[in-house]
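Chains Y and Z supply the protein sequences, listed in that same order. So for the first sequence, the numbering used here puts the first residue at 1; every next one is plus one. So for the second sequence, the numbering used here puts the first residue at 1001; every next one is plus one.
Hint data in this document are derived by calculation from the structure and do not stem from the laboratory. Any given hint could turn out to be false.
[Stated by the list, open to error] Dumping the calculated DSS-like pairs for lysine-lysine here, alpha-carbon to alpha-carbon at most 30 Å: (1) Z:Lys1732 / Z:Lys1667; (2) Y:Lys266 / Z:Lys1493; (3) Z:Lys1302 / Z:Lys1392; (4) Z:Lys1770 / Y:Lys266; (5) Z:Lys1667 / Y:Lys266; (6) Z:Lys1493 / Z:Lys1565; (7) Y:Lys2 / Z:Lys1667.
This one's a predicted model, so the numbers in the text were calculated from it and none came from an experiment.
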Amino acid sequence: MKPPRFDYVAAGTVAEAVAALADAEDARVLAGGQSLVPLMNLRLARPSLLVDVNGVAALSGFEVRNGTLRFGAMCRHRFLETDPDVRERAPIVAETAGLIGHVHIRNRGTLGGSIAHADPVAELPALLVALGGQVVASSTAGERTIPAAELFEGPFTTSLEPSELLSAVEIPAHRQGDGGAFSEFVLRHGDFATAGVAVILHRDGSGTCDALRVAGCGLGPTPVDLSAAGEFLLGESALGSGAAEELGSRVAAAAEPTGDVHGSAKYRRELAAVLAADAVRRAWARAGSSDWSGRG
Amino acid sequence: MTAVAPPQAPPEPTTGVRRREDTRFLCGQGEYLGDVQRPDLKHIAILRSPLAHARIRDVDVSGALTLPGVIGAFTGAELAADTGTFSHHLEAIPTLRQLTWSVLATDKVRFVGEPVAAVVADSRYIAEDALELIEVDYEELPAVNDAEAALQADAPQLYEDWGDNVFLYIPGAHGDTEAAFEAADGVLTERFTHHRIIGLPMEGHGAMGEFDPATGRLEMYVSTQIPHQLRTVVSEITGLSETKIRIVAPDMGGGFGNKIHMFREEVLVAVLAMRVRHPVVWRQDRTESLTASVHSRQQTHKVEVAYRNDGRVLGLRADIIADVGSPELYILGSGPAIVTTAIIPNCYDLQDYAFELRCVATNKAHMGGYRGYGQGQAVFLIERVLDLLGEKLGIDPVTMRRVNMIPDGQRPYITATGAVLDCGSFHDQLTDLLEAADYDGACRERDEAREEDRLVGVGLAQMVEATAPNIHALAGQFGGYEMAMLAVQPDGKVTVVVGTKSQGQSHETVFAKVAADELGISPDDVTVSDGDTGVLPYGTGTWGSRSAVMGGGAIIKAARQVREKMVAIAAGLLDAPADQITVSDGFFRLGEAAIPFAQIAAAAYLHTFLLPPGMDPGLSVIVGYDSFSTSPFPDERGKLNVSPTYATAAAAAVVEVDRATGVVSVKDLTILHDCGTVMDRVVLDGQIHGAVMQAVGQTFLEELHYDENGQPLTTTLLDYTIPTFGDVVEPKIVHRETPSDLIGGYRGAGEGAIIVTPVALAAAVHDALKPLGVPITQANLSPPRLRDLLRGHSAA
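Isolated chain Y, as found in the complex (with noise of 0.2 Å):
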């Protein structure tokens, strides 16, 4: 369980990294290692050239701009769980950075990093989906945003060059009447997801929901956008008797989830039911709460 040989070189800013990239062939980022690491260990990816972007300063932090929030690359999953300022603005990343992993994990893993590397069943990627973000494409070329819709195309590939550098992460900032809900089954703390459903959902002044976005994990081959599945509650001021579990009946029949030794496809629609049920709720009671902080 080691990996073949590989080159490496340390960018020092993003012009390097992508100077290195359009370089090489077969080259990767390395940025926290946490999904790419293993799989070098385990010679599933053998990139002849690893390009580490740890030390470029510029793919750190976030900021807000015209009313979305951009996230550095190498925004750290703890430091979206725990920094005041993320929790402020964006509630619903701090949630679902905290369902990552265990704590080392997440004090390595990136979100620029979980992005580009599509797992299915990773939470960031569906959480991009659900609040219909995009991501910002770095290279020689300059740059261009991806929208999320555009960026899946399948279990661990995106649309992005191989020359690209995933290097922001921008999403709507969070308002007034903003409700947001990651909900996942994993069998034991830690692990990636079975299944895993967002809701993000908005209320207007009256309570009436104006708009409401639904992305799953686990449920396809890449992240997957079920928004269709909760157009019945646009317009509603109160979530009904039963509204609850007709979004999960309708997100499991959208879903087109596979089988796998965590569960068959069968069992992922199940829980992904479960799941839309749970999350619209807690969504719901959000929007309509005037402080909600991610911690409720």
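Dock chain Z against the given chain Y, drawing on the hints supplied.
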């Protein structure tokens, strides 16, 4: 001789550091295999079959030899030319297919992960790179990954000369089952399944070997539960005399039965050390441990039960199929399945019992030992039968057990299969369990929960465990005795060496106390070591809940012999008859006169002029200890008493099932445990905690998967989900202490809780699902598997 001091009552659990191993282990100062270094150490990597079943046409290692840093690359055929072969050493069993196999595969591979070639290189990195340069020409063959499929007439044949895939067939008929079935009011038919799991030590297998051509000596460090037996096998295969081989088992990160088997890879290390003339090491990585070590448990039982309407089981027939994977494993990997057949009567008066056992070879990794060793499946069968039969007859679980229990007072009780049970009262034990678990209260709370439409259930189970067994019938040349060396050193401190290798069982702590109690000194003055064939002539290792019984017994026997000599010396110095000398608190006493223990030691080694005339100097013995009460092989009626004593345990579990997700929460678990004399309560409770955790893992979390082509799907700890600290179930533990008649009064501990807990949990889940009418007849109750069951029932 003075009277032996009565054993002290077991101390209550205390807090704080009190195990002498703790500081070393917890501060990173242990010496595990990975810590064994040599200046010129080379690393072995093993090329393993990517196919489940294939003929090897050719192996070409020449590419590997071109890589800088590679010392050597070896094929199975090359090594087989001048090394011996493994066998099961069980020519005495006519219905066992006789096999021999080499350190690497030569003609055929029969599971993904079977070793095919080996590289020795400067580092493991280079060695693994070199593996990719080895070319193997395989002729792929159809694979069979399921025992019942392997029994079909058209199934692929693992060994063409067999004509089928049945590696071992054992029938047994005890009493008169035909008469029992004729007399029965009815017959219950059930099918039980046990899924494939693995006893997974935190530290994998591995070995370091260093050969000195000048002396012809081979020194090995091996993470093994049985260093002495491994030495015998290394001797057989390398041709070296056992006098030229020293095997040390260093500190170990667990064994759990996985390391009672002699691995091809371990002997390969010896062979390569002699070839390359560098010290070489192989350290199993996690994928190797999951795919190419020792799996366990997988069995299917079809059972017919003749019963009377009052709940009495009159007779039982069991058809047992064990999926043993590749049978090329020594000691015999089918051993646990044989043990299953012997234990099925459990603590019940069931004399009319027949079985058929078929151990079926499949294209999967070896089946073999794991804590519990086949006994859990047996107990699962009989305990589930009693509950299912009770449900059918409208008789509660407690009554079902009492009606069938071995009566009090009839000791020894000889079971249908020949086990000579020396246990205490099973009725009293059950009474104690019900009280400790507040069984009636738990049932009331369950009933209230049902009113609220919650799925809460209560389950009971009991077990008898064959401890400290004689394994001649499973391992041919190895039995079940033990050896110990005890030396009082010139300074009055005591060295104890024992053949039971500790893998984390705190032997250094508990055996020091055992020796100290016999010698009338403080445990602080006793140093215990194990696992070095260079120090003790032989030993039988640690497995089968045997270390207290056999290792402890050997130490007591040795200590008594040394003490007798010390008393004789003291008697000479005090000019008194030996039988008037007493020993306590570090002194040999006669009335008011007292001679310090150390002074007797000094006389024996230094001031030998003080010794009684004609007495040899020195204070050391090496003893062998056998109970003389076990049999090596079954008698002509197929009856076998395998153990010198039997431990017992019982469990009560309360669970709640979440019907939507299939998650089972263990609300309460009570373990009643009788291992005879308790050496150390804290250490013992630690054994039970660990066993419960593994029981929780095998019931709710763990399963090894293969696809239809025999490719393993659980190759990392992402996919093979062992319990973590988030999954801990803390049992309430109650001890009964019924001493055995053996030296020390021990019955053996370590496995009882993993044998009895899974079926108690299964019974509780069954009870929880009773309103839905979903019977539990499988050991695997993981959330997805439980959902599969619930989905099959419309009410769920």
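Each hint, compared with the structure:
1. Z:Lys1732 / Z:Lys1667: This hinted pair holds, its Cα atoms lying about 11 Å apart.
2. Y:Lys266 / Z:Lys1493: Violated, because 66 Å separates the two Cα atoms, which is more than 30 Å.
3. Z:Lys1302 / Z:Lys1392: Between Z:Lys1302 and Z:Lys1392 the Cα gap is close to 18 Å, so the pair holds against 30 Å.
4. Z:Lys1770 / Y:Lys266: holds (24 Å)
5. Z:Lys1667 / Y:Lys266: holds (28 Å)
6. Z:Lys1493 / Z:Lys1565: Holds: Z:Lys1493 and Z:Lys1565 sit about 16 Å apart, inside 30 Å.
7. Y:Lys2 / Z:Lys1667: violated (43 Å)
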